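Sequences and hints are given; from them, build the entire structure.
Counted the way the numbering used here counts, the sequence shown spans residues 1 to 170.
Don't take every hint at face value.
[Claimed, not checked] The following label-pair restraints were derived from C-beta to C-beta distances:
id	residue 1	residue 2	range
1	Arg29	His117	16 to 26 Å
2	Ala72	Pro138	13 to 23 Å
3	Arg83	Arg35	14 to 24 Å
4	Ser9	Ala63	22 to 32 Å
5	Pro138	Arg78	14 to 24 Å
6	Ala22	Gly148	13 to 23 Å
7	Ala93	Ala63	26 to 36 Å
8	Ala47	Arg83	11 to 21 Å
9	Ala47	Arg96	31 to 41 Å
10	Ala47	Arg121	37 to 47 Å
11	Pro32	His117	23 to 33 Å
12	Ala47	His117	25 to 35 Å
Just so you know, these hints were derived from the structure itself, not from any lab.
These numbers come from a predicted model, not from an experiment.
All C-beta atoms in this analysis are idealised placements derived from N, C-alpha and C, irrespective of residue type, glycine included.
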Amino acid sequence: MPTDLARLSDPAAAAARLPAGAAVILRDRDHPERRAWAERLRQVTAARGQMLLIANDPDLARAVDADGLHLAEREVGRIAPWRFTTAAAHSLAAIRRAERVRADAVLLSPVFPTASHPGGRTLGLQRARAIARAAGLPVYAMGGVGPGNWRLLGPAFAGFAAIEALLQTQ
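Quick look at the structure:
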């Protein structure tokens, strides 16, 4: 579950609804309360057997003893992987860059149309599946994934990441 504090008012409450084994990615790099959210999410995720990944900020990740990092596509190769590291990817070329720096997994997006980018281009299910099958590391689908379509993803993906689906249950 990637956070979006502009749309997801309480990511800790959302994380509390996720099962053990889920991962929470704290994005929102410029949010003034980011450190406080990181600390709160660390408490919730640790208690629930979930992973906490901090986006693009190794110092904050270390400070709150997060489980790892999530790297924006533009940060792959600039920020060294630490513990468990995922990377954002929008193409097979981006996945190859993540593989070269030894990321543990990638979040491929946008697979479906998203509320956060209305009218934006998507990879589409068939193209996203082909990219995921060609990858040499686990690929998680992201972008418009929710209750109505996650079952369509199929075995090419290791799983999925969602924000919209959690907003629908708030």
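Verification of the supplied hints:
Arginine 29 and histidine 117 have their C-beta atoms about 18 Å apart, which keeps the hinted 16 to 26 Å range intact. A C-beta distance of roughly 18 Å is found between alanine 72 and proline 138, which places it inside the suggested range of 13 to 23 Å. A hinted range of 14 to 24 Å for the beta carbons of arginine 83 and arginine 35 is consistent with their spacing of about 19 Å. A beta carbon spacing of about 24 Å between serine 9 and alanine 63 agrees with the range 22 to 32 Å that was offered as a hint.
Under the hint 14 to 24 Å, the C-beta atoms of proline 138 and arginine 78, about 22 Å apart, fit the expected range. As the Cβ distance of alanine 22 to glycine 148 is approximately 20 Å, the hint placing it in 13 to 23 Å holds. The given range of 26 to 36 Å is respected by alanine 93 and alanine 63, whose C-beta atoms sit roughly 33 Å from each other. At about 19 Å, the beta-carbon gap between alanine 47 and arginine 83 stays in the expected band of 11 to 21 Å.
Between alanine 47 and arginine 96 the beta carbons are some 37 Å apart, a value that agrees with the proposed interval 31 to 41 Å. For alanine 47 and arginine 121, the Cβ-Cβ distance of about 39 Å falls inside the hinted range of 37 to 47 Å, so the restraint holds. Between proline 32 and histidine 117 the CB atoms are about 24 Å apart, so this pair conforms to the stated range of 23 to 33 Å. The given range of 25 to 35 Å is respected by alanine 47 and histidine 117, whose C-beta atoms sit roughly 33 Å from each other.
Violated hints: none; the structure is consistent with every hint.
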